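Colleague: Residue numbers (my numbering), protein chains in the order written: chain C, 1 to 277; chain G, 1001 to 1355; chain X, 2001 to 2300.
Worth double-checking, as some hints may not be accurate.
To be verified - Some, not all, of what chain C presents toward chain X, calculated at C-beta under 10 Å:
#1 9
#2 16
#3 53
#4 56
#5 77
#6 79
#7 100
#8 209
#9 248
#10 258
#11 266
Rather than coming from a laboratory, the hints here were simulated on the basis of the structure. Values in this document were obtained by computation on a predicted structure and should not be read as measured data. We put the beta carbon where it would ideally sit given N, CA and C, even for glycine.
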Amino acid sequence: MAFRFRQPSVLPGFGLTMGFTLFYMALLVLIPLGGMVLFTTRMSFDDFWSSAVTDPRVVAAYKVSFGASMIGASINAVFGFILAWVLVRYEFPGRRIVDSIVDLPFALPTAVSGIALTTLYAHTGWIGRWFDMVGIKVAYAWPGIVIALTLIGLPFVVRTLQPAMEDLEVELEEASASLGASRWQTFRRVILPTVLPALLTGFALAFARAVGEFGSVYFIAGNMPYRTEIAPLLILIRLEQFDYLGATAIGVVMLVVSFVMLLIINVLQWWSRRFQA
Amino acid sequence: MSIEIRNISKTFGKFKALDDVSLTVDAGRLTALLGPSGSGKTTLLRIMAGLEQADRGSGQIFFHEEDVVDTHVRHRRVGFVFQHYALFRHMTVFENVAFGMRVQKRAARPTKDAIKARVHELLGLVQLDGLSARYPHQLSGGQRQRVALARALAVQPRVLLLDEPFGALDAKVRKELRTWLRRLHDEIGITSVFVTHDQDEALEVADEVVVMSQGKIEQVGTPDDVFHNPKTEFVMRFLGEVNTFHGRVDSGGVQFGALHASYPHTQRKIPGDARVFVRPHDVTIDTKSNGLPSMLAKVERVHSAGAFVRVVLSTETGQTLNAELSQERFTSMKIEIGSEVHIRPRHIRVFTETD
Amino acid sequence: MAGVVSMRHQSGPGRASQGKTEPAPVRWALITIALAFLGLFLVMPLVLVFTYAFNRGLGVYFAALTEPDAMAAIRLTLITAAICVPLNTVFGVCAAWSIAKFEFRGKNLLITLIDMPFAISPIIAGLIFVLLFGARGWFGPWLIDNNIRIIFATPGIVLATMFVTFPFVARELIPLMQAQGTDEEQSALTLGASGWQMFWRVTLPNVKWGLIYGVILCNARAMGEFGAVSVVSGHIRGLTNTMPLHIEVLYNDYQFTASFAVASLLALLALVTLVVKSVVEWKGAREHAQAVREAESEQS
């Protein structure tokens, strides 16, 4: 059979729309990203390695970024699960409003949530003062970063879990109960394994988003080198020092991480469809 | 307007959906394309409409004498009724039917009043005039089907093509709509082709039936013709139930089981292996031998709830076969499960490997 | 990655009947935990924005918004959105049409590529344009010779914002158009409609709610983008500060009330976005419910 790019169709406009799609994407996304990857050719491999991987300040920033993102995504996995379950399964006053509010982090600019969280959790803030009384510093410290990254990741977990939970057949649980399983056993052995791919997808999405997050963290982190400085901020600092190569090196590492996360997420989504007919 | 298909082929990847098909549909006829799924019937219909392109370089399609193979669907002027109706969900019934007139070039477009009159005329024709302000989701399946039909007729198509027109409806509505379609066709007389996998539908409604299998046309004929004179084994098997015997053709006739039968000279065969088909209603059952050649069989099961009594028999060679007889005859014969009977086919059809 | 921001057909709870759901105390405990979590992380910050914005009275609030630098920031934000949103909308409609209505090789790869800006840090979104157009970037010297400014100027801000908001409309439309199939379009063609007539009269009305939500979300993100814009803007007050950058400047100057006043505008925009989303989902759910009812009435 001859190679055929597209199956014939009577509908018009494929050439025009596909052409514009590819043109626009190439101009806006692919060429600029390619330009960044090409920029690494301006430095030797050793320079790249030392500014992207072995520089202690960079390593510390990676640790902060990935560590806090991991914790934030984990918190979201637990509370996002509860939230999704409550929204899918229970009826309570204001459920619809609560459901809408979950999307807030998608729509709320990160600068706004950044200054709001910082003010809230500063040692004089509405919540921060209570932590201050027991001697925990939240804003301008590690916990602040985790809180900011939790906020922006929450909708990813909830919105991935909700459809999976809605698709759970009540019959499965009925079957499990009729076979003598307790509610907890049903949850552990029937419900959790069924929604696990969705939970992991949500976790991965929240993590990926958190690793790249800048706005909300920037305000609350305190940005102390080696301690509360995240990797995206370090890119910005390098650029402000006109160290394009240093910024590029870190940028390429982050880009690779994004690609890997995208790959993992695609695999997870494929996995979650595996049992579907 | 007549439709003539000449040597059309269509492949999807490696799958040959249509293999050098030629067909003539006479003007004013209601023709059924009948076949199992994958037989190519829908592909053929969509190629007639211009929704699908035949393989490059293959064949021609004529509407009357005009070659339309390169005419875009938009200009081909066919009325096409989709299996799931494809009504525009955001438009009312009125707007759906008016659509085809409203999108015409300004010069050709009827006036607002003319469109309105035509829509109501069509809705009257399909008996839906009271529902013109409804949206598709407010209609039943049968009503939606009729709106789709009215919409297709609104552009005064040269031919009307219907893809599984009753496929998405439940059994009762299906039957009603079937009779209604036949009446409608007689009223407007437009050349119509519909696709179906349901033999009853094809045999009951159509003037002419085109039986298809694996991308080829097996037989074209009147319902009577294809049912009673199937030209191929496929047609025989597809239209109604059959009992199959393996046999041998010799110079005098055909030998199958314990029987030797002569068959009509029109079916003269080259000697060799053959398959012999008998329809259940062509099987005669006798409790005693009456001298005529017959086969011995044992009664296995009897289904007597229905217009006819169905008897499941097993022959001496262990073959299962079905017979159908009238309630009167069944009662008069006193057939019991387990009893031995003589069976005799009244009509057989023989197909050999060369067919 | 945007799959999760797409519209959903909500189906209410209440399917689980007696005996299979958790006991009431567990149920209420879970609801309490969920609401407390949401309150702490989402509602409190939102309430705080408006409280701080208005805590020195309406006069101060409006003074903060009408001050020249604030007005300049609002103007720049509006200009940026006015360029980004239409372009990304045209792109989104084109991408959705070609992806949802045709079968071709490499479709999944294309969808993944469109999703890419979601997965990439906004800082990188800014960085790539600095590397292209910055003083020491690929085209930097040529731009300087020809006296064209992109970085630290409006074009850079627009580009970075376009990159970040690139997928929103497309991701909203693709699943919607895929679900609707091509029958109605084919039907329009058999009735003699031209390509444009088919698109304007059949395709577009069918996806209008999804399109509206995609555009609104794209707009909210365009107006609120902070990271990518910080990289390319240069923070020149009154010239290259957008609203989020202006919030940062005010906040770092300890002008908290003014900062929250500007923030309250963006928070309001976010709330409007959520309301639109709810309306769109409600419309979708209603149509969905109708479809279900139809199916049921056909059965009976």
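Colleague: Evaluate each hint against the coordinates.
Modeller: Tested hints:
no.: 1; hint: 9; verdict: holds, 6 Å
no.: 2; hint: 16; verdict: holds, 8 Å
no.: 3; hint: 53; verdict: violated, 17 Å
no.: 4; hint: 56; verdict: violated, 21 Å
no.: 5; hint: 77; verdict: violated, 12 Å
no.: 6; hint: 79; verdict: holds, 5 Å
no.: 7; hint: 100; verdict: holds, 5 Å
no.: 8; hint: 209; verdict: holds, 8 Å
no.: 9; hint: 248; verdict: holds, 6 Å
no.: 10; hint: 258; verdict: holds, 4 Å
no.: 11; hint: 266; verdict: holds, 7 Å
Checked against the numbered hints given earlier, the structure breaks hints 3, 4 and 5 and satisfies all the rest.
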